[in-house]
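Using the hints, position chains B and C against chain A.
Chains as they are written, first to last, in the working numbering: chain A, 1 to 264; chain B, 1 to 241; chain C, 1 to 312.
These are computed hints drawn from the structure, not numbers from a lab. Note that this is a predicted model, so its numbers are computed, not measured. C-beta atoms are modelled at their ideal positions from N, C-alpha and C, and glycine is treated no differently. Watch out, some of these pointers could steer you wrong.
[Unchecked claim] Ranges between beta-carbon positions, derived for each pair:
| no. | chain 1 | residue 1 | chain 2 | residue 2 | range |
| --- | --- | --- | --- | --- | --- |
| 1 | B | A161 | A | A168 | 33 to 39 Å |
| 2 | A | A256 | C | R126 | 42 to 48 Å |
| 3 | C | E202 | A | A256 | 14 to 20 Å |
| 4 | A | A256 | B | R89 | 25 to 31 Å |
| 5 | C | L241 | A | I223 | 29 to 35 Å |
| 6 | C | G63 | A | S149 | 45 to 51 Å |
| 7 | C | F65 | B | A55 | 56 to 62 Å |
| 8 | A | A256 | C | R204 | 19 to 25 Å |
| 9 | B | Q127 | A | A256 | 19 to 25 Å |
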Amino acid sequence: MRSVAILVLLLFLLALFGPMLAPHDPTAINIPNRLAPPGGAWLLGTDALGRDILSRLLHGARWSLGLAFVVSFLGLIIGTVIGLIAAQGGKLADWLAMRVTDTFLAFPELIAAVVIAGVLGASTASLIFALSVTGWMRYARVARGIGLSIGTRGYVVQARLAGLSPLAIARWHYIPSLLPSLTVVWTGMLARAILGISALGFLGFGVQPPMPEWGTMLLDARIHIRSTPLQMIWPGLAVVVSVLAINLAGDALRDALAEEGVKP
Amino acid sequence: MLKVEGISVRRGGTPVLHDVSLALAPGATLAVVGESGAGKSTLIGAILGLIRCAAGQVTWTDAPAPKCRPALVMQEPRAAFNPHLSLRRSVMEPLAKQASAGDLNRLYRLCDGLELHPDLLDRRPNQVSIGQAQRMGILRALIAKSPLVLFDEPLSALDAATQKHTARLISDMQGQEGFAALIVTHDLGYAAAFADHIAVLRAGRIEEYSAARAFVEAPQTAYGRTLRDAAFSLGALERVA
Amino acid sequence: MIGALAGLVLRACVVLAGAAITTFALLWHAPGDPALSIAEARYGTIVSEEVLDFIRAEAGFDGGFWSAFWAWLVPLLQGDFGQSSVNGRDVWPDLVTAMSYTFPLALVSLGIGLAISIPLALIATRRPGSWVDRGAVALASVGVAIPAFWLGLLLILLFAVQLGWLPAMGAETISHSILPALTLGFGIAASLTRIIRSGILEARGQPFLPAFRRRGVAPRDIARDHVAPHAAVPVVTVIGLELAFLLEGLVVVEVIFARPGLGSFLVNAIFARDFPKVQAVVILTAVIFVVVNLLIDLIYRRLDPRMEGRDA
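Same shape as in the complex, but just chain A:
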């Protein structure tokens, strides 16, 4: 549990304060110094426009990680609301909510996100919209599944008899029991969001240049694969390390919860 918190916090801090650690301006173009090899003043070298790659990576954390936090939280909220409506709202609400969920599950998430972001026009706003609107279904299924079992418990019956509003019942009686499992889903979705953001950036539908998002940086680097192959190592490595860290944290969390008897 603690290792999870520390790892995720570290990535969160990197997203927040990474840019402050950057030695150079990530968008400062310096043509005479283009495609410089690593070392010296440019620790990881420069790209085709002479921009410092290390600075771009650190600023990129704000986009790649920061947006992943935003997107995964939005998905969490949408999914939990829909899952709770299904669990609390009776048979008809359940049927409707689950068919809506199935409909959104009828497309592979990333393809749906590519289409939505692309059709709405490449921008950060459409990226956030595309990834959160395609990234809530797992939360909804988990919230519904656990919610249905909570609904039959004594204390929920008592709360209904006491005349509490569905919202209050959700807040006090459903959400505390949902949180552990939703956190496990969230770590998985955070990792997926990082991959999704960089994939969309790489395809040209995500964060737009000159903003240094990791996927966008890979798109730039791809053209120079022959002359400066190292340039495309760094952003990819940044993605892999972040995703790996979050996945390991998620596994640890799942194991810790399983020991406590919570089945995600």
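Relative to the frame of chain A, chains B and C by itself:
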């Protein structure tokens, strides 16, 4: 005050309750006895409006508010409380949002009557004994002054000594608060000792309905006699007397 | 069983209808005038208002959302995917060409994934917790974290740029397909290894197996009759997820390796704002996805009798 008129409940085509009628006067105690599977829990659900009836109706004439439901004490004391919340929060739930000084006064008075130390209120449900949890459940049922309290097997999760103690406390609280009680139980000894009337439920029908003492002395039906003899065969008759 | 089957099929139809409406609604609300792009494709850049009105009437745009949706859906149900709004050509033949590049690649990648993951999981679970097992798990964990587009670039860097063994771009020969297939295959292998491994471990942990062993049932028979079917359940479930992974991976991999398959078709259509093509790919993907998941559901019920009659 509570009138149950000819209710029937079906589940998946098979009848679980068939033409059940009961009545309860203010302050009185009615025990519904029957074996497991007789439809006792369904009856509670139907009275609370949690289960839809195929026929008949449940009326509660002098409810304190139009949408008010009777209070309920459940069989499993721990499951009746949210494990994430303090007992105080759960117990105060039936009250309106902000607890007044009068509410707190009543809370501590009820604690006293139920022999619960007020410090227990700040614990979680898994930090008190089963018996204490069940008394907390009774406390929650009484806090909002509901004139009708349903007890769904209130003793069956408790050990023998605690059962006796809890039964006594319920009876004392009823004397003090004056609520009407509908007790569903499989324990005929308990029913006979504390109820005014006994209704025998068998396979979804009311088999017999009479005053408690009359039932114990001379059951009207063969099934009633079987139940009576089973319950009192161990020389327990003196418990009633 | 027949009732359950009918229910599942009905649900699949509801989901597909929902998918069609969602897709159409997205494109309907997209910025830009679809009539204008059709007109420009047909008649050049300068078009009069009358021509636009004619196109709007023809495509049902003037009657509002539902009439336009209907004008798109009815031909679609008869197999007519409409015409490209960029070059006016029928979408279907181009779509078929694209699929002829995509499906073989998808199958080969899946084969590579299975060929790596099954032996790896079997070796790893021979002695759980040994360094072989841990190595396999670590390898799979890293593999899951590597984005397909980066792995593709790394493979190009190594095998095409540095070693010069294989071509990096295009789809003319078999050798053009090796790197894309490896890229996707490794990704599939990584996630499958984890799932098959835990499936085998869980199946071995079934409470009744020690009793069989004590009674002298041959280990081989236990493995065949009790461990394998149990381990197959999560694998079948996950094939649905792998399909999603595969389709998603195909998009980026085809772009990286410049293969004219469905993924490139989709990305190019989006960039060109050729909405009939986008709709065609999206609906096709949804049909494939829903049908495969329906089949998985059926197999699942077969493998795990407890699922019989259970909903969602």
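Outcome of the hint check:
1. Between A161 of chain B and A168 of chain A the C-beta distance comes to about 38 Å, which sits within the given range of 33 to 39 Å.
2. For A256 of chain A and R126 of chain C, the Cβ-Cβ distance of about 28 Å falls outside the hinted range of 42 to 48 Å, so the restraint is violated.
3. Taking 14 to 20 Å as the suggested C-beta distance range, the pair E202 of chain C and A256 of chain A conforms, at roughly 19 Å.
4. Checked against the hint of 25 to 31 Å, the C-beta distance between A256 of chain A and R89 of chain B comes to roughly 27 Å, which is consistent with it.
5. In this structure the hint that L241 of chain C and I223 of chain A lie 29 to 35 Å apart at CB holds, the actual value being about 33 Å.
6. Taking 45 to 51 Å as the suggested C-beta distance range, the pair G63 of chain C and S149 of chain A conforms, at roughly 47 Å.
7. The given range of 56 to 62 Å is broken by F65 of chain C and A55 of chain B, whose C-beta atoms sit roughly 46 Å from each other.
8. Look at A256 of chain A against R204 of chain C: about 23 Å separates their beta carbons, and that is inside 19 to 25 Å.
9. Take Q127 of chain B and A256 of chain A: their Cβ atoms lie about 22 Å apart, and the range 19 to 25 Å holds.
This entry does not satisfy hints 2 and 7, going by the numbered hints stated previously.
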